[in-house]
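Asker: Chain by chain, the residues run as shown.
4 protein chains.
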Amino acid sequence: MARILIVFSSLFGANAQLAELADTTLTAAGVEVRVRRVAEVALPGDVQPSAADAPLADGADLDWADGYVFSSPSHTGLPSASIKAFIDEHHDAAVAGRFLDKTFTAMATSGFAHAGQERVVDDLNAVAAAWGCVIVPPSTANPIINKINGNPYGLSFVLEHGKLADRKLAEEAIGAHLARFAAVTAAIATLSERPAPSGQRKPPPTAADVFS
Amino acid sequence: MARILIVFSSLFGANAQLAELADTTLTAAGVEVRVRRVAEVALPGDVQPSAADAPLADGADLDWADGYVFSSPSHTGLPSASIKAFIDEHHDAAVAGRFLDKTFTAMATSGFAHAGQERVVDDLNAVAAAWGCVIVPPSTANPIINKINGNPYGLSFVLEHGKLADRKLAEEAIGAHLARFAAVTAAIATLSERPAPSGQRKPPPTAADVFS
Amino acid sequence: MARILIVFSSLFGANAQLAELADTTLTAAGVEVRVRRVAEVALPGDVQPSAADAPLADGADLDWADGYVFSSPSHTGLPSASIKAFIDEHHDAAVAGRFLDKTFTAMATSGFAHAGQERVVDDLNAVAAAWGCVIVPPSTANPIINKINGNPYGLSFVLEHGKLADRKLAEEAIGAHLARFAAVTAAIATLSERPAPSGQRKPPPTAADVFS
Amino acid sequence: MARILIVFSSLFGANAQLAELADTTLTAAGVEVRVRRVAEVALPGDVQPSAADAPLADGADLDWADGYVFSSPSHTGLPSASIKAFIDEHHDAAVAGRFLDKTFTAMATSGFAHAGQERVVDDLNAVAAAWGCVIVPPSTANPIINKINGNPYGLSFVLEHGKLADRKLAEEAIGAHLARFAAVTAAIATLSERPAPSGQRKPPPTAADVFS
Numbered sequence: 060m061a062r063i064l065i066v067f068s069s070l071f072g073a074n075a076q077l078a079e080l081a082d083t084t085l086t087a088a089g090v091e092v093r094v095r096r097v098a099e100v101a102l103p104g105d106v107q108p109s110a111a112d113a114p115l116a117d118g119a120d121l122d123w124a125d126g127y128v129f130s131s132p133s134h135t136g137l138p139s140a141s142i143k144a145f146i147d148e149h150h151d152a153a154v155a156g157r158f159l160d161k162t163f164t165a166m167a168t169s170g171f172a173h174a175g176q177e178r179v180v181d182d183l184n185a186v187a188a189a190w191g192c193v194i195v196p197p198s199t200a201n202p203i204i205n206k207i208n209g210n211p212y213g214l215s216f217v218l219e220h221g222k223l224a225d226r227k228l229a230e231e232a233i234g235a236h237l238a239r240f241a242a243v244t245a246a247i248a249t250l251s252e253r254p255a256p257s258g259q260r261k262p263p264p265t266a267a268d269v270f271s
Numbered sequence: 060m061a062r063i064l065i066v067f068s069s070l071f072g073a074n075a076q077l078a079e080l081a082d083t084t085l086t087a088a089g090v091e092v093r094v095r096r097v098a099e100v101a102l103p104g105d106v107q108p109s110a111a112d113a114p115l116a117d118g119a120d121l122d123w124a125d126g127y128v129f130s131s132p133s134h135t136g137l138p139s140a141s142i143k144a145f146i147d148e149h150h151d152a153a154v155a156g157r158f159l160d161k162t163f164t165a166m167a168t169s170g171f172a173h174a175g176q177e178r179v180v181d182d183l184n185a186v187a188a189a190w191g192c193v194i195v196p197p198s199t200a201n202p203i204i205n206k207i208n209g210n211p212y213g214l215s216f217v218l219e220h221g222k223l224a225d226r227k228l229a230e231e232a233i234g235a236h237l238a239r240f241a242a243v244t245a246a247i248a249t250l251s252e253r254p255a256p257s258g259q260r261k262p263p264p265t266a267a268d269v270f271s
Numbered sequence: 060m061a062r063i064l065i066v067f068s069s070l071f072g073a074n075a076q077l078a079e080l081a082d083t084t085l086t087a088a089g090v091e092v093r094v095r096r097v098a099e100v101a102l103p104g105d106v107q108p109s110a111a112d113a114p115l116a117d118g119a120d121l122d123w124a125d126g127y128v129f130s131s132p133s134h135t136g137l138p139s140a141s142i143k144a145f146i147d148e149h150h151d152a153a154v155a156g157r158f159l160d161k162t163f164t165a166m167a168t169s170g171f172a173h174a175g176q177e178r179v180v181d182d183l184n185a186v187a188a189a190w191g192c193v194i195v196p197p198s199t200a201n202p203i204i205n206k207i208n209g210n211p212y213g214l215s216f217v218l219e220h221g222k223l224a225d226r227k228l229a230e231e232a233i234g235a236h237l238a239r240f241a242a243v244t245a246a247i248a249t250l251s252e253r254p255a256p257s258g259q260r261k262p263p264p265t266a267a268d269v270f271s
Numbered sequence: 060m061a062r063i064l065i066v067f068s069s070l071f072g073a074n075a076q077l078a079e080l081a082d083t084t085l086t087a088a089g090v091e092v093r094v095r096r097v098a099e100v101a102l103p104g105d106v107q108p109s110a111a112d113a114p115l116a117d118g119a120d121l122d123w124a125d126g127y128v129f130s131s132p133s134h135t136g137l138p139s140a141s142i143k144a145f146i147d148e149h150h151d152a153a154v155a156g157r158f159l160d161k162t163f164t165a166m167a168t169s170g171f172a173h174a175g176q177e178r179v180v181d182d183l184n185a186v187a188a189a190w191g192c193v194i195v196p197p198s199t200a201n202p203i204i205n206k207i208n209g210n211p212y213g214l215s216f217v218l219e220h221g222k223l224a225d226r227k228l229a230e231e232a233i234g235a236h237l238a239r240f241a242a243v244t245a246a247i248a249t250l251s252e253r254p255a256p257s258g259q260r261k262p263p264p265t266a267a268d269v270f271s
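Chains as they are written, first to last, in the numbering used here: chain R, 60 to 271; chain U, 60 to 271; chain Y, 60 to 271; chain A, 60 to 271.
One or more hints might be untrue.
[Said to hold, decoys possible] As a list, the in silico DSS-like pairs of lysine-lysine whose alpha-carbon atoms are at most 25 Å apart:
| hint | chain 1 | residue 1 | chain 2 | residue 2 |
| --- | --- | --- | --- | --- |
| 1 | R | Lys227 | Y | Lys227 |
| 2 | U | Lys222 | U | Lys206 |
| 3 | U | Lys227 | U | Lys206 |
| 4 | R | Lys222 | R | Lys206 |
| 5 | A | Lys227 | A | Lys206 |
| 6 | R | Lys222 | Y | Lys227 |
| 7 | A | Lys222 | U | Lys222 |
| 8 | U | Lys222 | A | Lys206 |
| 9 | R | Lys222 | Y | Lys222 |
| 10 | Y | Lys227 | Y | Lys206 |
| 11 | A | Lys222 | U | Lys206 |
| 12 | A | Lys206 | A | Lys222 |
| 13 | Y | Lys206 | Y | Lys222 |
| 14 | R | Lys227 | R | Lys206 |
[To be verified] What the simulated footprint calls covered on chain R by chain A, stretch by stretch (three residues with Cβ under 8 Å from a Cβ of chain A suffice, anywhere in the stretch; the number is not a length):
| hint | segment |
| --- | --- |
| 15 | 120–129 |
| 16 | 185–199 |
| 17 | 226–238 |
Rather than coming from a laboratory, the hints here were simulated on the basis of the structure.
Don't be surprised by glycine CBs; every beta carbon is placed ideally from N, CA and C.
The task is simple: from the sequences and hints, build the whole structure.
Answerer: Below is the structure:
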């Protein structure tokens, strides 16, 4: 059974709700799921109770999972500073290859259709690329994606007054994409038994070596 | 045995050479390989004989393969117009889901280290996302990648006077990444037996519906 | 009086119509305008008469203008191969600094809200960066932009059956953004009298030097 | 005289040093300069004294300047969480149009040539687009840029053991680009006397309206 970790950043609750929908659909499909939030490091005073109801993600969660779903609001067109802080904190583990060959897919929300929804999921996919994950975007080949505005790079949702405009449609889209995501994750999880590439035995560079 | 299609665009031969190195390493690993070029639609008078020595790619090649390696020079920081023309011509097949769940990885060359190498492979990865492919970038977790400048999004090579600066190092990097790529491709190829999602039975939109 | 060149790629006429709206609003504001199309190198058989009614753009047009408006459909999430071919053909002039300090802004269309609208204008902006242009995106600070879906990186329009859904709203958004664009262009045009930086006197590299 | 604000994020001092070089070159050119750092919200225990020697940036600094230079390390291929937190905190001022028509250019550092240098400056440029800034990238038309690896989207520097590899070359590149940046800034600063667009009189949406 595949293990999938959902990590979200949320101030007002919308991404917490997306994470919950993803949890429901994956759990129903027999996937083992953990839902975790990141600490909100920017605008921490704005965090609503509905956004703060999951345990905080940590490195053990990242190690545990075969695949990751990252969900972030668009803040000024990029992933939130808070989800980025979580990523920055785990740089050393990434370079050490701890996330290699895990699967990845991204979700995003914004108040307007083009306020960075493509870029937010694209940036999260770029983090996944750096981590050595295998990226599973929704594509334009799935007609359900076009009903929610056709973002092929990640599931994305335009909010109305901070809420999902059509919860049923969101469930349908999340369900369809994550079923495929879970199938790819299960297929790839078999690879993790492979021996590590021989080049990776010596200690990799740490943040202190390559950050600046 | 996984089937991998290598598609390259090349004016002066460097990407043809990358394709050849990829062919050698994959064939030696027991993968079934096709190497194909695209017609050069911009600056066609500049095409050198060393760049014109492979058959032209077509839709049957795309259907045949379980995974794709796309290789393009950076022309003004983006993939060449010529590889883009090949992509545009296959829009309808992509939307019909014909490339769904095939694997994808990108290669690029440029004359200067930052003349778009990140963006070229990122744009090619975005095409793969739209096509429904599963993307396998090189990552920063593989120390060999850092020897060739650390592009985690796709294999990329800075040329000297239009040639690969260090052919042996290029072979080593291509070999390491494509061995992993072939393993992921083989693991995912098992998924193609799955029944198509029920939502995809009606005819999908064509270029005439969605292009403008 | 500022001189602005509008260059568009169009198969079915929508970008030709955007170019026409931009022409109308800029001409009314006292700007000298040229509207030019690029040759369609991909899917040339699909070009409709409504898309083929402007002269072809050339290097003299690029030299003539103080600012550029580039307009492209999203084809598989990237600018059309055809507008890219036009860009590739003018690489040498760009590296020679012929487009330095000209202003730039981008427009895009697609059939679905997120089928690459952010990425298409972002890629066009990246070309402008490589050319040395000064980029003037619409921003989120203009409320009219949010009425047409809030793309801060370039004006973008979701089509319905290949047509602008609301022509009056498109006129309003184009008018507001291009009035600002024309003002910035006029302010920057005064710089072109500056002597060229001394480092640029020797012949720059050509496509034959840096393309691959 | 143009007023330029330099905002940097730095753990180990390299971006602080870039900011200092930018300050020196701009001040010598008669520009009024403020150098400010952001609070480091990720890996705060790693901040070195050399990185902590400037006042913290605030909204009054953003209001004061005619142009911005943002400088960030690549952390996992994206701008640091810390510079992003500064951006997130100023969302409301951006949407209110307070940064409209100010100029912008970006700088970046990383330990490897392609570890996100293109993407970091591109993401910062995207923030500038959302803010309504006019973006002035270095271009490929300036031969000095190619000496430091040819990143046309922003000044970027590959570090050796966390330090600038060639300080004199960095000075030369920063000097050449920022002289042009200062000239464009001065030309555009004349526009700020224009009356605000009439559509912007009512209170714009705040983070509480559009963040999620």
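Asker: Assess, step by step, whether the Cα of A/Lys222 is no farther than 25 Å from the Cα of U/Lys222, and give holds or violated.
Answerer: Violated: A/Lys222 and U/Lys222 sit about 30 Å apart, past 25 Å.
Asker: Can the restraint linking U/Lys222 and U/Lys206 be considered satisfied, given a maximum Cα separation of 25 Å?
Answerer: The hint holds at about 17 Å.
Asker: Does R/Lys206 sit within 25 Å of R/Lys227, going by the straight-line distance between their CA atoms?
Answerer: With Cα atoms ~12 Å apart, R/Lys227 and R/Lys206 stay inside 25 Å; holds.
Asker: Taking 25 Å as the top limit, are the C-alpha atoms of R/Lys227 and Y/Lys227 close enough?
Answerer: Status violated; Cα separation ~33 Å.
Asker: Below or equal to 25 Å on CA atoms is what counts here, so check U/Lys222 against A/Lys206.
Answerer: Between U/Lys222 and A/Lys206 the Cα gap is close to 19 Å, so the pair holds against 25 Å.
Asker: Between Y/Lys227 and Y/Lys206, does the CA-CA distance stay at or below 25 Å?
Answerer: OK: Y/Lys227 and Y/Lys206 at ~12 Å, within 25 Å.
Asker: Sort out whether U/Lys206 lies within 25 Å of U/Lys227, counting only the CA atoms.
Answerer: holds (12 Å)
Asker: Would you check the hint for A/Lys206 and A/Lys222, treating anything up to 25 Å between C-alpha atoms as holding?
Answerer: holds (17 Å)
Asker: CA of A/Lys222 to CA of U/Lys206, is that 25 Å or under?
Answerer: holds (19 Å)
Asker: Are there three or more residues in the segment 120–129 of chain R whose C-beta lies within less than 8 Å of some C-beta in chain A?
Answerer: violated (count 0)
Asker: Sort out whether A/Lys206 lies within 25 Å of A/Lys227, counting only the CA atoms.
Answerer: holds (12 Å)
Asker: Mind checking the alpha carbons of Y/Lys206 and Y/Lys222 for me, to see if they're no more than 25 Å apart?
Answerer: With a Cα-Cα distance of about 17 Å, the restraint between Y/Lys206 and Y/Lys222 holds, given a limit of 25 Å.
Of the numbered hints listed earlier, those contradicted by the structure are 1, 6, 7, 9, 15, 17.
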